[in-house]
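From these two lone chains plus the hints, build me the complex, please.
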Amino acid sequence: MRNPSSDALTPSIPGAAAAGASLFACLRSTRPPGVLLDLAREFSPRLERYGPGCVVLDVSGLGRLLGEAPAIGEAIAQAAADRAAGIRVAVAPTQTAARLLTVTHPRLVVVADPAAALAPLPLRLLHTLIDDGGNAPGDSAAGAAARARTTAARLAMFQRWGLTTLGELAALPADALSERMGQEGLLLQRLARGADAAPLVPDPGTPRFRQAIDLDWPIDALEPLSFVLARLLDPLAEALERADRGAAALHLDLRLVDRTTFGRVLQLPSAMRDPKVLRTLLLLDLESHPPPAAIDVVTLELDPAPARIVQYSLLERAMPSVETLATLTARLGALVGDSRCGSPALVDTYRPDGFEMRRFAPEARAAVTPPAAAPPAAAAPDTVGPVLRRFRPAVAVRVVVRGGRPVQVTTGRRGLPEGTVDQQAGPWRTSGAWWDGGGAAWDRDEWEIALSDGSLCRLFRDRQLDHWFLDGVFD
Amino acid sequence: MGARAEIELLLKASRLDVTLTSAAPWRQGGREVAPIGLAALDAALAGGLPRGQLSEVIGPRSAGRSTVLATALAAAAGRGEAVALIDTSDRFDPVSAEALGLDLAQLLWVRDTGDAARALKGMNLVLQAGGFGLVAFDLTDVPSPLVRRLPHPTWLRLARVIEGSQTAALLLGAEHIARSPGGVTIALDRARPCWTGAADRARLLGAVALRPRVVGGRI
Numbered sequence: 001m002r003n004p005s006s007d008a009l010t011p012s013i014p015g016a017a018a019a020g021a022s023l024f025a026c027l028r029s030t031r032p033p034g035v036l037l038d039l040a041r042e043f044s045p046r047l048e049r050y051g052p053g054c055v056v057l058d059v060s061g062l063g064r065l066l067g068e069a070p071a072i073g074e075a076i077a078q079a080a081a082d083r084a085a086g087i088r089v090a091v092a093p094t095q096t097a098a099r100l101l102t103v104t105h106p107r108l109v110v111v112a113d114p115a116a117a118l119a120p121l122p123l124r125l126l127h128t129l130i131d132d133g134g135n136a137p138g139d140s141a142a143g144a145a146a147r148a149r150t151t152a153a154r155l156a157m158f159q160r161w162g163l164t165t166l167g168e169l170a171a172l173p174a175d176a177l178s179e180r181m182g183q184e185g186l187l188l189q190r191l192a193r194g195a196d197a198a199p200l201v202p203d204p205g206t207p208r209f210r211q212a213i214d215l216d217w218p219i220d221a222l223e224p225l226s227f228v229l230a231r232l233l234d235p236l237a238e239a240l241e242r243a244d245r246g247a248a249a250l251h252l253d254l255r256l257v258d259r260t261t262f263g264r265v266l267q268l269p270s271a272m273r274d275p276k277v278l279r280t281l282l283l284l285d286l287e288s289h290p291p292p293a294a295i296d297v298v299t300l301e302l303d304p305a306p307a308r309i310v311q312y313s314l315l316e317r318a319m320p321s322v323e324t325l326a327t328l329t330a331r332l333g334a335l336v337g338d339s340r341c342g343s344p345a346l347v348d349t350y351r352p353d354g355f356e357m358r359r360f361a362p363e364a365r366a367a368v369t370p371p372a373a374a375p376p377a378a379a380a381p382d383t384v385g386p387v388l389r390r391f392r393p394a395v396a397v398r399v400v401v402r403g404g405r406p407v408q409v410t411t412g413r414r415g416l417p418e419g420t421v422d423q424q425a426g427p428w429r430t431s432g433a434w435w436d437g438g439g440a441a442w443d444r445d446e447w448e449i450a451l452s453d454g455s456l457c458r459l460f461r462d463r464q465l466d467h468w469f470l471d472g473v474f475d
Numbered sequence: 001m002g003a004r005a006e007i008e009l010l011l012k013a014s015r016l017d018v019t020l021t022s023a024a025p026w027r028q029g030g031r032e033v034a035p036i037g038l039a040a041l042d043a044a045l046a047g048g049l050p051r052g053q054l055s056e057v058i059g060p061r062s063a064g065r066s067t068v069l070a071t072a073l074a075a076a077a078g079r080g081e082a083v084a085l086i087d088t089s090d091r092f093d094p095v096s097a098e099a100l101g102l103d104l105a106q107l108l109w110v111r112d113t114g115d116a117a118r119a120l121k122g123m124n125l126v127l128q129a130g131g132f133g134l135v136a137f138d139l140t141d142v143p144s145p146l147v148r149r150l151p152h153p154t155w156l157r158l159a160r161v162i163e164g165s166q167t168a169a170l171l172l173g174a175e176h177i178a179r180s181p182g183g184v185t186i187a188l189d190r191a192r193p194c195w196t197g198a199a200d201r202a203r204l205l206g207a208v209a210l211r212p213r214v215v216g217g218r219i
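Sequence order for the protein chains is G and B.
Each residue of the first sequence is one higher than the last, beginning at 1 in the numbering used here.
Each residue of the second sequence is one higher than the last, beginning at 1 in the numbering used here.
No wet-lab data here; the hints were simulated from the structure.
Built from N, CA and C at the ideal position, the CB exists for glycine as well.
Check before you lean on any hint, since a few could be wrong.
Estimated spans, in silico, between C-beta atoms of each pair [what the hints assert, rightly or not]:
1) G/289 x B/151: 26 to 36 Å
2) G/358 x B/194: 26 to 36 Å
3) G/467 x B/192: 28 to 38 Å
Partial chain B-side listing against chain G, Cβ under 8 Å, derived [claimed, not checked]:
4) 41
5) 65
6) 209
Chain B extracted, bound-state conformation (with noise of 0.2 Å):
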């Protein structure tokens, strides 16, 4: 064994493999993803969300963060695999994530009343955890300010916690939050509505045509 490989393997075993950057997963052909379901984005993202990484979903107001999410979730939970969102704010629909096909029994959902720090912890013992397959922290409708008061380390520590596992790790935000050196961030411009009928009460809001950009993360 040369003494590359053996450093290597040293380090591995101490869980400190990243430290590396050859020895990184990603460049040694073994990244592994979770789909996310939608056809085109996971096109983008050559297969999905990278797991064992942290990975993250910003954009605007009504730009279909949630919808990404909820299709991530039901894509998940439909693999068999367990799911987890950190709902900050208490903004989940059950029934409009139902209706895109998630499994709801898989999904653990915790609902915080706005406390992003103390939900920060719920994400963290969550990912301590381990054995789930998606786990999404929303941090969607908290002040910008705060989210970035939150320590830095604070990213680096989950993004350690789930290395090397089979958890895809997503975080929502209105703007650029962190990522993993493995992650992906997927920025969504505002979303197209797609009404169907002409009058008022003949008209529905069908569905929206989202435009996601992946714009960070080794793919």
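This is chain G alone, in the form it adopts within the complex (with noise of 0.2 Å):
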């Protein structure tokens, strides 16, 4: 049996496959489908099919059982040769790059950095990646046709530029790629650079993690249901952790009693495979979204995906583990709003109060040392820059005006800053998002005032309203 060589096009990709980093290998040949889908099913059971002739495999975990990507790649190529002949492997951090290299390289390939592999390549190449079948699956037929199309218009129109290599294309600027081609120019780019135009959506013909349980009798409570979600969990994590992944989404289908069926969907931040932490997190949805009937069949299937390693460190501070944050959130939700609970993050506007709340997902840090000894005892006092207690939504007052300028606010409520205006700054005027239209926009004159209560506050005068409003109080 012949030893396959291999075109190391660079050593090694260092640490890939052991680090977790993403990792993919391409089989393509001219045998029947069978024989590649049977070849690439004894390395992964994630694969995709592109076309008859072409599967790509993640081979993402498997540093840790075969060793680096060179060792993955020896071993996929000799289990090829011993299987059939003309099989072309490839091994890449992307699908792009392992399915562009198969094409050009007959034995098997392995590289680390994609662009660089990609670059003197020939632009035809390209319409190897229309032929397998496209990157969108679940195209319909006629979309898939007319992506198809207007991808070979636009790579004439790059042969007709002078463009004869995937290394030219991939250096056009982008933003003028973007001008003269869209979106279709700047997907084709990526390409060329070997990035992926979509994850790898896993054939369906891979295992499936799915369990279901028909009820003797009808459960209209959700204590019941935790037992009932228990015993589907239990073997499903057994499951996922010989196969040595976790839980992405959970998919849980309850045929009621009325015969519809109420599904709920739960995309977990991590993969994640603790029966405990799946069944609160399903609970906690379902007292939020509760069934409307009794159910009578309950059907649960995960989407899997690679499992998550976790190596601590002696350096950083401990943080909450990623199941618990994904239960207190879930739980935090639960109590006063999904949308209530989170990080926020400044928008890019200058709009008042212009945040976005997003998933709570603190990074582990390494721990800083805290400054041995005390700073003096007699520092001078803190002097720093005023926070702001907002109102939201900011509470009208009424504001008498002398000379264009407040000199006096009443709130006419308990509890509220009033009086007269010792110190005044502004006003500072500034208005946005009239070119919209509707209620999105903002035109106002802010006031920073020191009361004769001693309190700081900002007020405001809206402009399109002619009215006064207290913003916040400086605290």
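Have a look at this one:
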């Protein structure tokens, strides 16, 4: 049996397989598709077919079993040679690079830098991606044909521009390319750089993590349902562990006594397989979104994803685990509402109070040792920038204006600041979103004032409504 | 092993060690603190807020309570810790806090709509989850009678949850609420505004000078 030789364009992908980075292998052959699929399933359950002669498999997790990327490639090439002649194998950090390299390299090729490896290849190679079946699985046949025609026209245009290699297309400025070719041009440039247009969508033939139970008696409360969920989740968690996978999403389908189906989908922040955590998350979700009738049949399916590998560090602060945070945010979401807990993130706008809520996902960082010595006891008084306590919504107030300045503020409500204005700064005019129309526009004059009751406030006059509001109190 | 040491070990295993006053962490020289990031206040607190304890910041409106809170959150987030704020009245302003250096990605912000009892449940959930460096509970705009109506054992339970952990818990209010035996009370007098510029149109509220007093706690 011949030992498959390799074209190692770059000697190795340092630590890529071991550290959990993405790594894909592509098998290409003119043999019947069953041969490629059987070969691919020997190495990974996560594989995607591209036409009859091309299969891409996710080999990210094989590092611990087979070693670095070249070793994985050698093992696959050896198995391919044992099975049939003429199967091309490429291993790369992206699916696109692996697919393109199998077209040009008859022998095993392993690359670390997709862009560098693809740069000298001819531009017409991108036609292969169209012939393979495109990058948008799930497209209708008509949609795929239209996409193929558009892509072919773009490639013809590139050739008229004098571009001959993928590297030349990759080097074009993205802004100018977008102006001339639109999103389709940018997509082709990304492919020329070896980037993936879409994540790997596992072949439906891969194992499914699914459990169902037909209940003898309908269930109309969450407490008995929790026992049923535990019975479903325990074997699923075991199956996930055997496959070295975690659940990325939970699909819960409840067939109700009124013969309708009530479905919930939980997207998890990270792949996890602790059955207690999964059950808690499902129950919390059902608490917020209860089924409208008693339940007859419970079906639970998990979307598998590569398991999370956690390396703890002595130098990093202990942070709440992903499972703990998922449970905590689910509980808080059930308590105050999903949109009212998370991390604030400022948005790029001058709009007052411009922020959005995002999922809370703190990063573990190296612990910083506090200074050994305490500062001197006679330190100067702390002077820091004022922090606003913002009223949401702003409080309407009555303001006496003299000489264009606010001199008296009356709120008429207990617990809110009011009095004569001792000191003031302003007005600072701000406006925006008038070009959008509707209620999103704002136009106001802001004042920072000190009131006789000792309060420091931000006051503004809405120029559209011609009314005064208390924006907040500096505290 | 002496009988006393044996009893202390057994109590510690059952998380009952602080029932012996002499076994309390602050009496053993093992006091861990979370610096607030304000030099004078940290000096007065001998380093910062005690970890594993419930402390409070109190004072009148515009005294700088939110400024102390935002600075403490920023300092903790800067040390790489996860921080949380249970905001009972939804008053927190992310723009001001970020201007003080708070990394907002490290902050879990729970925005209630004024229901102190519900916010208290949120605080309990966050403390039970653990792993946070600083957890603050803002009761500033909740009327004092409502705060006093919360059952007193509530605060004992909260203090018990974080006991011995690395979490510093902080209550914000207009007047004294509660603190654990090892916690501190920081009372703020009305802050002095620092205006810049002479004319109205050139003037800015640049900063506030805080006037804190540490009025309670074992420092």
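Verification of the hints:
1. G/289 x B/151: 26 to 36 Å: Given a distance of about 32 Å, which is inside 26 to 36 Å, the answer is holds.
2. G/358 x B/194: 26 to 36 Å: 34 Å, holds
3. G/467 x B/192: 28 to 38 Å: 31 Å, holds
4. 41: 6 Å, holds
5. 65: 5 Å, holds
6. 209: Nearest chain G Cβ about 5 Å off; hint holds.
Violated hints for the displayed structure: none, as all numbered hints are satisfied.
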